[in-house]
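Visitor: If you read the protein sequences in the order shown, they are chains A and B.
Residue numbering for the first sequence is 22 to 324, as defined by our numbering.
Residue numbering for the second sequence is 298 to 568, as defined by our numbering.
Simulated from the structure, these hints should not be mistaken for lab results.
Don't take every hint at face value.
[To be verified] Footprint (simulated), chain A over chain B, 3 or more residues, beta carbon under 8 Å:
hint, segment
1, 472-479
2, 505-511
[Said to hold, decoys possible] A few chain B positions that, by computed beta-carbon distances, are all more than 10 Å from chain A:
hint, residue
3, Ala-375
4, Ala-423
5, Leu-495
6, Ala-536
No residue lacks a Cβ here, since even glycine has one placed at the ideal position from N, Cα and C.
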Amino acid sequence: MNAIETERLTKRFGGFSAVHDLSFAVPAGQVTAVLGPNGAGKTTLIEMLEGFQAPTAGQVRVLNCDPRAGGRAGQRWRARIGLVLQATSLDSQLTVLEALRLWAGLFDQPIPVAEVLDLIDLAGDAGTRIGALSGGQRRRVDLGLGVIGRPELLFLDEPTTGLDPEARRGLWAVIQQLAAGGTTVLLATHYLDEAQRLADRIIVLDDGQIVADASPDQLRARGGMPVIRLRLPRGTALDGLPASLAGHVDPARGELSLPSADLTGDLATLVAWARAGDVDLTGLEVGAPSLEDAYLALTGRTS
Amino acid sequence: MTRMLAAQVGYQLRMLARNPRGLMISLFAPGVILALRLSQSGSRTGSPSEKAAIIAGLAAFGLIATCYLTHAIGLVAARESGVLRRWQASPLPRWGYFAGRITATVLLSLASGAIILAAGIGLSGAHVPAGSVPALLAVFVVGGVAWAAVGTAITALISSAEGANPVLIFTYLPVILLSGAFGVLSEPKWLTTLMSYLPGQPVIGSATRALEFSGSGLAPVSGRDLAVLAGWAVIGLLASVRFFRWEPVRPAHAQRDQAQAQTRRARQVQA
């Protein structure tokens with residue numbers, strides 16, 4: 022069974038087409054990441070799936086319902102989905118416990134509040150007002166409210182933007198736990214590492230269209246040839262570096278990144294240049310193309 | 298559903314009680330003005346009708362401030378912070394959110410109205426029979442709902458929390474001042490007639506008459522005043538159903554992202 026189905030889904034704002042002709046399906050139980058640069062149409066797409074925006078054309082079915090349905094059918098549908106919106110949307114004057122209890126009261130069979138507090142690791146802050154929490158803690162409350170109704174489908178719109186690395190990992194652990202329990206997750210994100218860590222499947226959007234739809238491994242393989250990377254020590258002179266390698270140095274990042282069809286030959290050239298110039302090769306890496314390489318190739322961005 | 302609504306009223310009451318600005322508007326400001334005015338008019342020597350007008354005017358001032366200003370500002374703030382969007386996406390029916398919010402606002406305004414009335418009666422030494430209470434309750438409940446309904450509708454004209462005060466003060470103050478909250482206005486005639494059709498004067502006028510009542514039994518309530526207030530409640534609710542916005546004006550970052558995407562696409566087309 023599919024949790025999400027779209028058919029030629031399109032959204033235009035005046036003459037500008039934010040989402041154009043998108044057709045895809047998300048099977049129940051899958052964690053799908055929607056990646057794309059700013060303005061690619063991620064938020065517009067997710068808002069149409071959540072029912073906040075009406076499509077200009079095309080069809081959308083979420084849990085086999087129209088997300089814009091009103092009345093009792095709409096209420097029943099909303100009880101089956103969970104949302105973590107792009108921006109935190111909480112009453113800062115409520116305590117964590119009050120917010121969770123209030124939200125639990127909206128569902129027939131909510132997860133017990135104590136379990137949610139453990140899940141989001143805020144049992145020690147249950148009595149704290151939300152306004153006094155850190156950004157990461159507030160995001161975890163957002164997530165707690167999103168999952169307390171045992172949703173079949175959870176929408177996460179850039180859930181870790183602005184969080185420190187520790188808070189991000191904490192949130193990832195919760196999402197992984199939910200996914201392991203069978204919740205379908207649609208995750209919109211800017212972060213490739215987040216998509217790689219959490220998703221079974223990645224849909225890359227650019228200018229409102231799908232430019233790739235594959236598993237993280239398949240997508241990485243599309244990056245093409247193996248890559249030689251070398252973080253150049255500060256102040257390294259590039260004199261004597263053969264043009265075939267020098268063309269792949271990004272001075273701003275201080276990095277050589279070379280997709281190589283002749284790994285042995287290119288490495289030999291690089292090592293010879295390093296030996297002659299006494300360049301430190303500690304930062305040398307050789308490997309498969311990264312998800313970032315594949316993503317940049319797909320969206321045509323340089324960085 | 299009853300449980301959901303009760304929870305919603307409890308939640309909204311909690312939010313209002315934790316809002317110091319709202320309490321300031323509904324209790325502190327009218328309380329201080331009441332004390333000043335009663336001392337100015339000679340609290341023990343003024344005529345009963347003069348005292349009744351002062352007390353009723355200030356109780357109405359607090360009540361309407363809560364139901365209109367605090368309620369509308371709270372709604373705009375909830376819309377801007379995304380709280381309304383979250384409720385919109387919840388299984389709570391949309392009318393349930395407003396029923397909870399308006400009920401809580403009216404309950405709080407009744408409590409603040411009762412405190413101001415009690416303070417006014419205590420300070421002025423006026424005697425108010427128990428038979429006045431049902432009339433006061435009726436006019437404050439219907440008046441509170443009317444102002445909260447109009448307050449809900451007017452949020453459609455307000456784009457941000459910063460922009461809320463000018464719109465609300467500009468609509469609230471003239472009505473409340475010309476309706477006699479700080480002294481009865483008898484001239485010009487056309488103005489008093491106009492005011493009798495707006496939702497301020499019926500609250501103040503009916504409350505004054507209820508406080509002046511000195512007979513036995515129940516104080517009468519003006520059917521005309523209640524009808525005017527009920528009319529405003531209906532107008533406010535219908536306008537809210539038609540024009541209320543759950544979403545803030547599209548945030549700046551979204552407009553910027555969209556403009557960037559348009560520019561990029563235009564460049565690609567040129568290339």
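Visitor: Now tell me if each hint is right for this structure.
Guide: Verification of the hints:
no., hint, verdict
1, 472-479, "violated (count 0)"
2, 505-511, "violated (count 0)"
3, Ala-375, "violated, 8 Å"
4, Ala-423, "holds, 37 Å"
5, Leu-495, "holds, 33 Å"
6, Ala-536, "holds, 20 Å"
Of the numbered hints stated above, those contradicted by the structure are hints 1, 2, 3, listed in ascending order.
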